[in-house]
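Next come the chains, spelled out residue by residue.
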Amino acid sequence: MAKKNLLPQLLEPIAIVVLLALFIIPTLTIINLSPITQESKNRDVLGVSSDQTTLTIDKVGGQHNIFKNEKLERNEFGEYTYSSTVTKRDGRKVFSKPILEVKNDTGMKRSVLLYGYINNSRNTNLSIMVGKETYVLNDSNNQSYTREITVEPGEKKTLYLEIKNEEKVYFDQEFVLDITFE
Amino acid sequence: MSKLLRRILKISVAPAVLMIAGKLLGIIIANVVYNLDFFIDNQIQGIFSIQLYYTNPSTTLLVNSYSNLFLIICLAIPTIYFIIKTSVYQSTLQNPKTIVKITNFNILKWITKDDTSFLKIFIWCSFLIITCLVVVAQTIQGMTYQWIGVLASVLTIFSIWGTIKTYESEIDKIYPREDKLY
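First to last, the sequence lines map onto chains F and Y. For the first sequence, the positions run 2 to 183 when my numbering is used. For the second sequence, the positions run 535 to 716 when my numbering is used.
Okay, chain Y solo, but in the shape it has when bound (with noise of 0.2 Å):
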């Protein structure tokens, strides 16, 4: 088995794990905050067997919003937290003045453990963005608040950029630009 397939095996787990539990944690929140009453029933027809389901449209709605909201801020605090960390290790390498501020902020330890690939970022964000396209799928069908549909869509375009952005600066590690060799 290739390495580099063992090391995407190894890191996609965290996220997988993470999307299960953010949408499960965000349910149990949204029913022990608002007192809820769940039902959960045994469906024959379908991919799946077990449906939850409430008897009032409202709270169908209330508590698949907020475990969306939930779940999406599960996955984009990390994800974000490696995008800006690569970003300003890279900013080290090409601006001394980067180095002074963060020398001054005392996080010089942090910033040059480079422990953020490329790979790393590139399946946090695909686990963001899928989970985004998900919650703005719902948000069109009418079953998530549209504030929280439009919340993820700007999320899908960070992740977007932020993917790109890691690896024009991974490209740039390779095959350095002329005008940023000196």
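Isolated chain F (complex conformation) (with noise of 0.2 Å):
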């Protein structure tokens, strides 16, 4: 009696489940591709989060007659600590330039900790503006004060520093930004 070949009968149901998966596959892989929102984990190896605030900070740099060498730097905690030469001037006049650039790239509302001093501060006002709000930093009475910054997500935020002195200032000052999140 002659073998009758099975192997296209057999091969027929295993064809029908390439045919449907041909149409699935694909429309599933569509459904999965499209992207969602949430919150950035930023996780490091072991799921260690060692970057907890996500919020970018940048400095805006660029050429001004009185803000000079200009820096910023990050510790290991994440924090920041933005620093600048403010070099002598003229008193009663107001200097400002926009310094950092905060965004926030994380799902939440951030904040952010401003905590600003310059040496030999002797009646000088410092402040920060952010858009049309002012955060003073330092004033007259040679007061010190930490201001909060809120940015939403999706957010950026440009700091103008701005200075002003009673009176002629004759020698160059250092001034320091302590950045840190809430």
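Keep in mind that a hint or two might mislead.
What the hints assert, rightly or not - BS3-like mimics (lysine-lysine), calculated; alpha carbons at most 30 Å apart, straight line:
{"hint": "1", "chain 1": "Y", "residue 1": "Lys544", "chain 2": "F", "residue 2": "Lys5"}
{"hint": "2", "chain 1": "F", "residue 1": "Lys157", "chain 2": "F", "residue 2": "Lys104"}
{"hint": "3", "chain 1": "F", "residue 1": "Lys158", "chain 2": "F", "residue 2": "Lys133"}
{"hint": "4", "chain 1": "F", "residue 1": "Lys5", "chain 2": "Y", "residue 2": "Lys537"}
It should be emphasised that the hints constitute simulated quantities derived from the structure, not laboratory data. Since the model is a prediction, treat every value here as computed from it, not as a measurement.
Assemble the dimeric complex from its two separately framed chains, guided by the hints.
Written out as structure tokens, the structure reads:
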């Protein structure tokens, strides 16, 4: 008796499954490839989170007559320090410069704490301007303040440093701004 | 394995691959054009293990919308091409004026090359309909721009109409209508 070739009959159900897969797999893939919105986890090896803030802080830079040697440094705890040299200047004049850009790439509202000081700060008014808001860091009575700036998700804020002295300053001063996150 | 099944499998590979590639390319193009930062997360729950995400809802909407638009364009162009080609070919069989017109346009060789079958149109239309339905569903969920959802709906209707028309002309070949005999 001649043997009947069963292979084509066996292949047929497999072919039907393959055909179904050809329709189902791309459909599931395009659904899966559709992006979603969620907060960035920014995890390192073993799921340990080393950066909890994920707020981006960038130096604006550029040239200015009064503000020189701008530096922005980040320490091991993820906190930033901005420093610059404020050169000799006239009294009763306001000098301003955009110094930092704060961007919130997280999905949550975040706060930035600012604490600024300057050496030989007698009668120096220091403040940070964000849009129309003014945050006084150091007033004419030499009183320093810690200020809090809130940044909404996806928002980018430019921080302007403003400095004013009642009398003429004949020497260079070092300004330092400590930036921490809440 | 039957000849029909083999042909269906052969034809289905191209739109299935194009479906995945179209979505992936759409995402890549949107990210490159708008210079976006994307994140990939591993999901333990659900069907899919890998999830693409953005931290900003408007960015997610933009990327998903444009990748969906690119995807439906990728599938619609060949489908419309096949439908038009078959329609023109069928028209040449019934109307001598069409033959004159296509001879004037010098596309007689292109039209007479009958490599577009009902099966091909049916499969391409099926993939286009599935894709458009996914896009419409995502539009209802607010994951895609409304105008892209409307475009997908129009394409779905067009695909169904194109398939029916091709089916009718194929039936006419087997059972010619009395008024079309001469």
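Results for each hint:
In summary, the hint linking Lys544 (chain Y) to Lys5 (chain F) is supported, as the alpha carbons are separated by about 27 Å, within the 30 Å threshold. For the given pair, Lys157 (chain F) sits about 4 Å from Lys104 (chain F) by alpha-carbon distance, which is consistent with the 30 Å threshold. Between the alpha carbons of Lys158 (chain F) and Lys133 (chain F) the distance comes to roughly 12 Å, so the proposed pair stays at or under 30 Å and holds. Restraint check: the Cα-Cα separation between Lys5 (chain F) and Lys537 (chain Y) comes to about 19 Å, which is no more than 30 Å; the hinted pair holds.
Figure legend: structure checked against the earlier numbered hints; every hint is met.
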